[in-house]
Every structure is written in structure tokens, then in C-alpha cells.
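Undergrad: Please model the entire structure based on the sequences and the hints provided.
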Amino acid sequence: MSSVATETRVLTGREAFRAGIREEMLRDERVLVLGETVRSGGAAGVVAGLFDEFGPRRVIECPVSENGIFGAALGLALAGFRPVVEIYSADFLLAVANEVMNDMAKWQVQHGRPDEPLPIVIRGCMAATEGLGPEHSQSMEPFFLHAPGLELLTPSTPATAYAAMRAALAATVPTLVFEHRKVYELSGPVEGGVIGERVTSGADVTVVAWGWMRHEAAHAAERLAADGVGVDLLDPVRIRPLDLDPVIASVQRTGALIVVEEAFVTGNVGAEILARVAEALPGHPLRLRRIAMPDVIHPYDARLERAILPTADHVVAGIRTLLGD
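Residue numbering for the sequence shown follows our numbering, beginning at 1 and increasing consecutively.
It should be emphasised that the hints constitute simulated quantities derived from the structure, not laboratory data.
Glycine included, every Cβ here is placed at the ideal spot set by N, Cα and C.
Be aware that a few hints might be false.
Claimed, not checked - Derived Cβ-Cβ restraints for the label pairs, each shown as a range: (1) 67 with 306: 32 to 42 Å; (2) 103 with 303: 36 to 46 Å; (3) 297 with 45: 42 to 52 Å; (4) 80 with 304: 40 to 50 Å; (5) 41 with 65: 12 to 22 Å; (6) 65 with 45: 16 to 26 Å; (7) 114 with 306: 40 to 50 Å; (8) 306 with 27: 39 to 49 Å; (9) 321 with 8: 33 to 43 Å; (10) 283 with 80: 45 to 55 Å.
TA: Here's what the structure looks like:
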């Protein structure tokens with residue numbers, strides 16, 4: 001009796017995002033890609049090669065008009081297509097916040113069609129890397145957390161990038177996939193990727209982190225493990241709707257929770273997570289903390305940028321303070 005080994009695909013984050021889109025385009029001819037410069041690969045090269053493979057009717061080069069692109073995407077979805085819209089930088093979603101948060105997010109309920117699918121995937125690069133400046137470096141998930149009707153995904157590895165893109169393409173509501181620029185360069189297997197995973201296990205403190213902060217938190221957990229501190233590190237990937245059950249269960253064991261994110265500290269996702277955990281565990285003795293970027297404008301200078309971004313050092317110091325070391 002013999003067995004045949006299956007080859008595990010090892011891809012970069014960029015390739016993993018592309019693979020998720022390409023496989024769905026091969027499966028379903030209703031899937032279209034729209035955006036600026038998508039003919040030549042898009043802002044970060046994620047859709048490179050798709051124009052040559054699928055042609056101009058499936059990969060649609062658009063003028064520099066975010067409002068026009070997103071209006072067209074909504075119309076295409078209503079007509080039965082499944083558009084994948086690339087925003088050149090996720091920061092520019094603020095230019096189409098009305099289309100995303102008022103039109104797309106509310107369409108199904110507002111027009112009395114709650115059971116009719118509205119499959120729109122919005123994807124783009126975000127977050128800080130080497131001084132791109134105030135309008136290209138923000139972490140965008142807090143801006144859209146407030147809008148019912150949307151799903152938000154923030155992958156952190158090639159495996160979760162592939163899983164998140166496939167999940168977004170299977171969704172029946174408008175879904176935003178925020179692609180951290182540093183994740184593009186990572187490399188790893190993509191099979192078996194899941195939405196939400198436990199990165200490390202420990203009994204002393206619960207840490208929730210996503211995107212690039214998952215990696216900073218993992219480095220911190222490795223350093224603390226050498227000192228006998230056990231970190232239960234959870235990466236939710238899906239920010240909305242947020243599955244807090246694993247977090248609550250973990251905090252019930254540890255009694256301590258730190259949320260690590262790259263976004264500004266005021267009004268961020270971490271504040272919502274801490275509030276909901278505290279509400280879910282009334283009377284439970286809790287130690288809570290956020291680690292995030294201060295409320296300052298992103299600088300162009302990469303050295304100044306590095307000075308304000310959360311790192312493994314901040315996570316280690318925060319955990320030690322929380323645990324009373």
C-alpha cells in the first residue's frame with residue numbers, strides 16, 4: 001500500500017492574496033477586479049498577471065476616481081457580479097466613506113432586501129512602513145468598525161491572507177480586507193489557514209493582536225517564556241464581526257488582558273475589546289491594558305515613525321507592568 005504526498009504551497013503574503021482572488025476568478029466568471037493601475041499589477045502588485053490571464057472584461061482598469069469606482073462596484077454587485085475593488089491605499093477609503101458606510105453597508109436593509117447577497121470585496125494596502133507619511137500609513141480598521149453591515153478582515157500571515165481572501169469572496173455582505181504592507185513580504189505555507197487562531201498558549205496573560213502586531217506580540221511572548229511567563233496570544237483576523245468567545249474564555253483563566261494594535265489609541269478596536277470583555281465578566285477581577293500608537297500624525301521620517309509604533313519591547317514592558325513585575 002502506497003501513499004501520495006501532497007505538496008504544501010509556500011507563498012509570500014502578496015502571492016497568497018493573489019491566489020485567493022485568482023482561484024475564485026477561475027471558479028466563477030462573475031468575479032471581477034476593479035481599480036487604478038490594476039492592469040499593471042495594482043498598488044502593491046497583488047493583482048499582477050491577472051489582466052494578462054483574464055483580460056480587460058474581468059480586470060477593469062479605472063480612472064483615478066474613487067467615488068466612480070465604488071459606485072460602479074455597487075452597481076455591478078446589484079447586477080449579479082462579484083466585484084473585487086482595489087483601493088490604491090486603504091487610507092483613501094475615507095474619500096469614499098459615504099459609498100462604503102452609507103450605501104454599501106446599509107443597502108440590503110435600507111432597500112428591504114436583507115436576504116439578497118451583496119458580495120463586494122474591498123481590499124488595499126495599509127499601515128506604516130518606512131515613512132510613507134500621514135495619508136498612506138494609517139491602520140484603517142477602527143474607522144470602519146462602527147459601521148453595521150460590513151465585515152472587516154486583517155490578515156497577518158500568508159496562511160491567514162489566503163484564508164481571509166477566500167472568506168471575503170464567499171461573503172454575502174460588503175467585506176473589507178486590510179492588507180498590512182509588511183505581511184506582503186512574509187513567506188509561509190497557505191494550506192490550513194483559518195480565520196482566528198491561537199498563536200501561543202499560556203496561563204498568565206491573554207494578549208490579542210492582529211496584522212503586524214501579531215508578530216510583535218509573538219516575539220514578546222517568546223522572550224517572556226524564557227522567564228516563565230505564559231502568554232495566551234490570540235489573533236482574531238476578523239475584526240467585524242468579532243468572535244470574542246475565545247478571548248473571554250482565555251481571560252477567565254488568566255485574569256489579565258492586553259490588546260496590541262497599530263492604530264491610534266483613542267477610539268480604537270482595543271478599547272472595544274476591553275469594554276466587551278469587562279461587560280462579559282462582571283465581578284471578575286481583571287487587569288486590562290491597551291498598547292497602541294499615540295494620537296499623533298504619522299511622520300514622513302522613518303526614524304520618527306519607528307519611535308511611535310508599538311514593538312515587542314512595548315508588549316514585554318506592558319505585560320510585566322500588568323503582572324506586577
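Undergrad: Each hint should be assessed against the structure and marked as holding or not.
TA: Hint by hint, here is what the structure shows:
no.: 1; hint: 67 with 306: 32 to 42 Å; result: holds, 35 Å
no.: 2; hint: 103 with 303: 36 to 46 Å; result: holds, 41 Å
no.: 3; hint: 297 with 45: 42 to 52 Å; result: violated, 28 Å
no.: 4; hint: 80 with 304: 40 to 50 Å; result: holds, 48 Å
no.: 5; hint: 41 with 65: 12 to 22 Å; result: holds, 20 Å
no.: 6; hint: 65 with 45: 16 to 26 Å; result: holds, 22 Å
no.: 7; hint: 114 with 306: 40 to 50 Å; result: holds, 46 Å
no.: 8; hint: 306 with 27: 39 to 49 Å; result: holds, 42 Å
no.: 9; hint: 321 with 8: 33 to 43 Å; result: holds, 40 Å
no.: 10; hint: 283 with 80: 45 to 55 Å; result: holds, 51 Å
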